[in-house]
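S.K.: The lines below spell out each chain.
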Amino acid sequence: MAGVAAYYTGTSKTFEVSTPFGSAGVFDNVTRKITFNGAQSLPANSTVYVFIVYTLSPVATSNHGLDLMIETGGITISGVTYRGTLPINPSPNPARTIKPPQTLGTITVVNSDTTSVKPGDTDKQILRIDFPVTNTGAPQTLQSITVTSANVSDTDVSAFRLITREHRRFSTHQCRSARPTSRSAVEQ
Amino acid sequence: MPFGATHQPFGGGTVTFTGIQDFSAPNATHSVFITYDIANDASDGHTVDAKINTDHIRIEGTTRTPSPTAIPPVRAL
Numbered sequence: 001m002a003g004v005a006a007y008y009t010g011t012s013k014t015f016e017v018s019t020p021f022g023s024a025g026v027f028d029n030v031t032r033k034i035t036f037n038g039a040q041s042l043p044a045n046s047t048v049y050v051f052i053v054y055t056l057s058p059v060a061t062s063n064h065g066l067d068l069m070i071e072t073g074g075i076t077i078s079g080v081t082y083r084g085t086l087p088i089n090p091s092p093n094p095a096r097t098i099k100p101p102q103t104l105g106t107i108t109v110v111n112s113d114t115t116s117v118k119p120g121d122t123d124k125q126i127l128r129i130d131f132p133v134t135n136t137g138a139p140q141t142l143q144s145i146t147v148t149s150a151n152v153s154d155t156d157v158s159a160f161r162l163i164t165r166e167h168r169r170f171s172t173h174q175c176r177s178a179r180p181t182s183r184s185a186v187e188q
Numbered sequence: 001m002p003f004g005a006t007h008q009p010f011g012g013g014t015v016t017f018t019g020i021q022d023f024s025a026p027n028a029t030h031s032v033f034i035t036y037d038i039a040n041d042a043s044d045g046h047t048v049d050a051k052i053n054t055d056h057i058r059i060e061g062t063t064r065t066p067s068p069t070a071i072p073p074v075r076a077l
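Going down the list, the protein sequences come from chains A and B.
Position 127, counted from 1, in the first sequence is what our numbering calls 127; the numbers after and before it change by one each time, with no gaps.
Position 18, counted from 1, in the second sequence is what our numbering calls 18; the numbers after and before it change by one each time, with no gaps.
The set of hints was computed from the structure by calculation and includes no laboratory data.
Just so you know, these numbers come straight off a predicted model, no measurement behind them.
Any given hint might turn out to be false.
Looking from chain A toward chain B, a few residues come up when the C-beta cut is under 7 Å (computed) [to be verified]:
no., residue
1, N111
2, L127
3, D130
4, L142
Every residue gets a Cβ at the ideal spot worked out from N, C-alpha and C, and that includes glycine.
Let the hints inform the model, and build the full structure from the sequences given.
M.R.: Written out as structure tokens, the structure reads:
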């Protein structure tokens with residue numbers, strides 16, 4: 001283990017890192033515990049989520065299991081301790097197992113569509129970036145992509161997105177400039 | 001949830017999307033599409049395009065360069 005951290009995601013079950021809770025650290029060598037301290041207001045009449053995430057050592061041992069538990073009284077809200085969930089037994093079924101990563105091949109960029117576009121068009125494909133992975137094992141994790149404009153004028157573009165495709169699962173990540181468009185129809 | 005900061009224009013001609021996306025399915029090609037919305041007052045005859053420069057992809061803690069980094073043609077208005 002190289003580190004452990006907690007992130008609050010509000011009412012969303014989707015993990016993201018914009019709101020850390022407490023300070024990231026490592027498990028104590030003796031107690032094997034870490035405590036995250038903070039002050040996060042919880043909205044009424046809702047279910048909110050906190051994710052615990054691990055950063056793995058580059059020399060982590062393959063086939064080792066990773067897991068944790070929250071002991072009784074391990075959660076404090078407004079001065080009252082809560083069990084939170086039933087303790088999780090790390091064995092014999094650890095939450096995650098360390099495996100060698102899948103093999104990433106050559107990343108390629110292609111123009112997935114080169115037909116003309118018109119003012120007001122939305123979601124028009126510009127580039128497709130392909131990431132071929134082979135073998136089984138731990139998934140390759142994409143962390144960032146920097147997109148460089150090759151437009152005649154960036155004001156011709158009102159918004160742009162990254163759409164990741166992993167088999168049949170799609171998710172859309174959008175960036176939008178200050179120039180709004182009035183049309184919402186998708187013509188592809 | 002967004003992947004990277006939202007509502008940002010091309011700053012200095014580039015923008016970086018940062019997040020965590022596992023390519024979980026083994027033995028598969030995973031694709032990322034870059035798409036544009038075209039402004040209502042976009043100029044006729046202009047072209048729109050994007051490219052990924054050297055080392056501008058980060059995956060598994062390592063910077064990567066796609067092949068090729070830029071390709072013609074573009075999409076014309």
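S.K.: Each hint needs a verdict: does it hold in this structure or not?
M.R.: Now the hints, each set against the structure:
1. N111: At about 6 Å, which falls below the 7 Å cut-off, the nearest Cβ of chain B leaves the hint on A/N111 intact, so it holds.
2. L127: holds (4 Å)
3. D130: With a minimum Cβ separation of about 5 Å from chain B (threshold 7 Å), the hint on A/D130 holds.
4. L142: Status holds, d = 4 Å.
Of the numbered hints given earlier, the model fails none.
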